[in-house]
Amino acid sequence: MGVYETQGFKLDNSGKRVVVDPVTRIEGHLRVEVNLDSKNVIRNAVSTGTMWRGLEVILKGRDPRDAWAFTERICGVCTGTHALTSVRAVEDALAIQIPENANTIRNIMQLTLQVHDHLVHFYHLHALDWVDVVSALSASPKKTSELAQSISSWPLSSPGYFRDLQARLKKFVESGQLGPFANGYWGNPAYKLPPEANLMAVAHYLEALDFQKDIVKIHTIYGGKNPHPNWLVGGVPCAINVSDVGAVGAVNMERLNLVSSIIDRTIDFVDQVYLPDLQAIASFYKDWTYGGGLSSKSVLSYGDIPERANDYSASNLLLPRGAIINGDLSKIHEVDLKDPEQVQEFVTHSWYRYDDESKGLHPFDGVTEPNFVLGPNAKGSRTDIQELDESGKYSWIKSPRWRGHAMEVGPLARYLIGYVQKNPEFKEPVDKLLKDLGLPLNALFSTLGRTAARGLEASWAVHKLRYFQDKLITSIKNGDLNTANTEKWAPATWPKEAKGVGFTEAPRGALGHWIKIKDGKIDNYQAVVPTTWNGSPRDPKGQIGAFEASLMDTPLAVADQPLEIIRTLHSFDPCLACSTHVISPDGQEMAKVTVK
Amino acid sequence: MIDTFYEIMRRQGVSRRSFMKFCSLTASSLGLAPAFVPRIAHAMETKPRTPIVWLEGLECTCCSESFIRSAHPLAKDVVLSMLSLDYHHTLMAAAGHQAEAALDDVLKKYKGNYILAVEGNPPLNNDGMFCISAGKPFVDTLQRVAADAKAVIAWGSCASWGCVQAARPNPTRATPIDKVIHGKPIIKVPGCPPIPEVMTAVVTYMLTFDRIPDLDRQGRPKMFYGQRIHDKCYRRPHFDAGQFAEAWDDDASRRGYCLYKMGCKGPTTYNACSTVRWNEGVSFPIQSGHGCIGCSEEGFWDKGSFYDRVTDLKQFGIEANADQVGIAATTVVGGAVAAHAALTAIKRARAEARNSEIAEARNNESGG
Chain A
1 MGVYETQGFK
11 LDNSGKRVVV
21 DPVTRIEGHL
31 RVEVNLDSKN
41 VIRNAVSTGT
51 MWRGLEVILK
61 GRDPRDAWAF
71 TERICGVCTG
81 THALTSVRAV
91 EDALAIQIPE
101 NANTIRNIMQ
111 LTLQVHDHLV
121 HFYHLHALDW
131 VDVVSALSAS
141 PKKTSELAQS
151 ISSWPLSSPG
161 YFRDLQARLK
171 KFVESGQLGP
181 FANGYWGNPA
191 YKLPPEANLM
201 AVAHYLEALD
211 FQKDIVKIHT
221 IYGGKNPHPN
231 WLVGGVPCAI
241 NVSDVGAVGA
251 VNMERLNLVS
261 SIIDRTIDFV
271 DQVYLPDLQA
281 IASFYKDWTY
291 GGGLSSKSVL
301 SYGDIPERAN
311 DYSASNLLLP
321 RGAIINGDLS
331 KIHEVDLKDP
341 EQVQEFVTHS
351 WYRYDDESKG
361 LHPFDGVTEP
371 NFVLGPNAKG
381 SRTDIQELDE
391 SGKYSWIKSP
401 RWRGHAMEVG
411 PLARYLIGYV
421 QKNPEFKEPV
431 DKLLKDLGLP
441 LNALFSTLGR
451 TAARGLEASW
461 AVHKLRYFQD
471 KLITSIKNGD
481 LNTANTEKWA
491 PATWPKEAKG
501 VGFTEAPRGA
511 LGHWIKIKDG
521 KIDNYQAVVP
531 TTWNGSPRDP
541 KGQIGAFEAS
551 LMDTPLAVAD
561 QPLEIIRTLH
571 SFDPCLACST
581 HVISPDGQEM
591 AKVTVK
Chain B
1 MIDTFYEIMR
11 RQGVSRRSFM
21 KFCSLTASSL
31 GLAPAFVPRI
41 AHAMETKPRT
51 PIVWLEGLEC
61 TCCSESFIRS
71 AHPLAKDVVL
81 SMLSLDYHHT
91 LMAAAGHQAE
101 AALDDVLKKY
111 KGNYILAVEG
121 NPPLNNDGMF
131 CISAGKPFVD
141 TLQRVAADAK
151 AVIAWGSCAS
161 WGCVQAARPN
171 PTRATPIDKV
181 IHGKPIIKVP
191 GCPPIPEVMT
201 AVVTYMLTFD
211 RIPDLDRQGR
221 PKMFYGQRIH
231 DKCYRRPHFD
241 AGQFAEAWDD
251 DASRRGYCLY
261 KMGCKGPTTY
271 NACSTVRWNE
281 GVSFPIQSGH
291 GCIGCSEEGF
301 WDKGSFYDRV
311 TDLKQFGIEA
321 NADQVGIAAT
331 TVVGGAVAAH
341 AALTAIKRAR
351 AEARNSEIAE
361 ARNNESGG
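Sequences listed follow chains A and B, in order. For the first sequence, our numbering gives the first residue as 1, with consecutive numbering after it. For the second sequence, our numbering gives the first residue as 1, with consecutive numbering after it.
Keep in mind that the hints are not guaranteed to be accurate.
For lysine-lysine, the following DSS-like pairs were computed, each having C-alpha atoms within a straight-line distance of at most 27 angstroms [stated by the list, open to error]:
hint : chain 1 : residue 1 : chain 2 : residue 2
1    : A       : Lys171    : B       : Lys108
2    : B       : Lys109    : B       : Lys76
3    : B       : Lys136    : A       : Lys379
4    : A       : Lys192    : A       : Lys171
5    : A       : Lys60     : B       : Lys303
6    : A       : Lys170    : B       : Lys47
Treat the hints as calculated values from the structure; they're not laboratory data.
Please build the complete structure, drawing on both the sequences and the hints.
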């Protein structure tokens, strides 16, 4: 393939090939290959989704009211968001109106997920890309305490607290059994934090691991369990009863109080631990400006969190909706998920077959026939791949494009669109963070910018949780207890044929489900998920996806340690089980798959 | 974090005296003289933590997420202090070659002494390449790691039964792990996902008693999967009294009546949801208003709609008036209760014949 230019990047696959497989601390299975030049700078990047489950094939012929449970199992990390998208798609198809309380409770569920997911991502999936655990051993507990107290009023910050933790950490390391920390990149010069910041971050890694399990209890109250709470077409399954017999088995005063107390504690944790940590860590990495990729060029958001029920127009959505293309921040394009010209998926470089692979297909008309073939220059064998050939097919992920553009989705995309729209809820926190760090706006177009937007969004979401919980209580106070509309519960009330779209902003970005219903059963189902956008392989024009673009031109401090690669990939919070679900309108095609 | 097994036991409220007693019991159960007790105690205080290799195949990571929700013991204590989580894609710091080197180290150093925990399952179609890890089919890695494992834990319904990707038509031929791992004890901990504290309890049971839990004929720990959700459901009295929710958010729903007619699969689902409950006992699906979908049962995706009891029961035709439904309800409840009584008797006689019991109960109920 040699050298070519696309989207402002110059791709050159002539240098040393480095393979990272598995990419860990993500959901699912991802492989990345890069070419390094003589200075260990990435000049070519190839991202590969390495799993496929075929859930949409499985959905065909099933009851649309059951689809939420199947699609929820697309991902157990962003649990609930696929279920919400699914019930919205079914309700759109069947013109089902949900009660206000159901909309409010669904928003609470979705915002709970955003906060939980962002927090766990930052501390447990991403922090070790910035934090050197071994360096924490040489920290001064007293100075660590001073640092912690200078940035936050969080009470667990005494010198004794950090001294005790450090002693335990030392014993742990000396045991020789490093468990999940074994073979980490400790000591790599790409780690920039002083020992004290590392020790503080390790403390918060552990505190966050203990705390995160409490946030999800909000899902347990309204949805019965977490992961994978329960949902309902037409509303929510939890009935409200605050004053009558049997209230103990419904959403009652005690349950509402429990949710409220969890929200208060989560606000404290996010604002006193997560955000100060984020800012402290960022302040040491200001000079590491890599990883921007497509964020300065093309970003997409569908929007989410409807203020009022049943209105999915942009003006009613609290998370912004729109598209920015070609880096033109002066214009936000309108997004229509039903327009066949806007969202299209290509398979030229994906392990599927189309009749005409030069063209993309809108999700309503999607086709999926697995076609696992390696490119002519791949090294190794079919079942022992050494190197992939990106000139051929190389991923289980399709290539979705918006009006032909490769797009980045996620918290940074949402914040950029909100910023350009001058929405103060997004613009003001961004401006404040940049000012505090002494950085210009274009610093957002980076790995760190993506990570920072996620943190700001966690804070936004937890305060919105408070807003919607108060709204629910006000509604109950006003006598509205309704949580479900069952007028169209029975399939006999449905039209013979219907189709609809549901969308959400999952923690990782824009998520859409397209459903066709025929004779009361699912005739066709397709999910185009955030990591399909971000992790997409090349398209017929050779345009690279967001993961690939983000790795370009990044230097590695140590050539055989992929620390910078995983740091940037993690900033997207990849979710591969999500990304590799595509649909076959004709399940029979699956029979062509080779059986071992 | 970072304590020995003994220290963790102390923190969990086990006294030094109890700990020594535990060591005496261990000694006598192993047929050792009392003189060995201090040695065992010393070992427990200092012995290396048991390594655990946690593999992920076709899955959604809900099992890992559930595991870290455990409150007692805290997931942190389990993975850092009680055992050594040496390989787990979701949490491990290393990636790529360094991650694979960590795996190789464990397999070599702890040959025959590590626990393999499996989340998800291997697809067998397409030469196994619907799930690729380090360039190879996941099933190869699974079999390689299983070969020298001391015991194997099948986390969740994926590893135990196949779960959602194995639902019809199972396009990837996703396969439960006991079909590809042979000659090893496999403990199935089904559920989508399993309850957090059930997961950590299974692990800590193995560490504490140094044996695998008693399993039923399907390979599930009897202590958590020996009873149906319905047996211990706090809404059971409403079932017995014939008080049912008839539609979502109706008055009966708000009063917490039984969800049987809304499709609840509690009567045919073996799990601890109604006893242990979820997320530190906060609630469980039925308490929060939705019927059980039976997520710990084999093939639960292919047993009809989750709401089937409503639409399939002939007695409750939508054309029937309220009186007719009321009469039918009483009849059905009578039949169901009789079925349960019969079931209990059968169970006492032949605890192992669960599948046929369920089928029988179903026949009785739908025919009642």
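Comparing the hints with the structure gives:
| no. | hint | verdict |
| --- | --- | --- |
| 1 | A:Lys171 - B:Lys108 | 24 angstroms, holds |
| 2 | B:Lys109 - B:Lys76 | 24 angstroms, holds |
| 3 | B:Lys136 - A:Lys379 | 13 angstroms, holds |
| 4 | A:Lys192 - A:Lys171 | 24 angstroms, holds |
| 5 | A:Lys60 - B:Lys303 | 15 angstroms, holds |
| 6 | A:Lys170 - B:Lys47 | 17 angstroms, holds |
The structure fails none of the hints (numbered hints given earlier).
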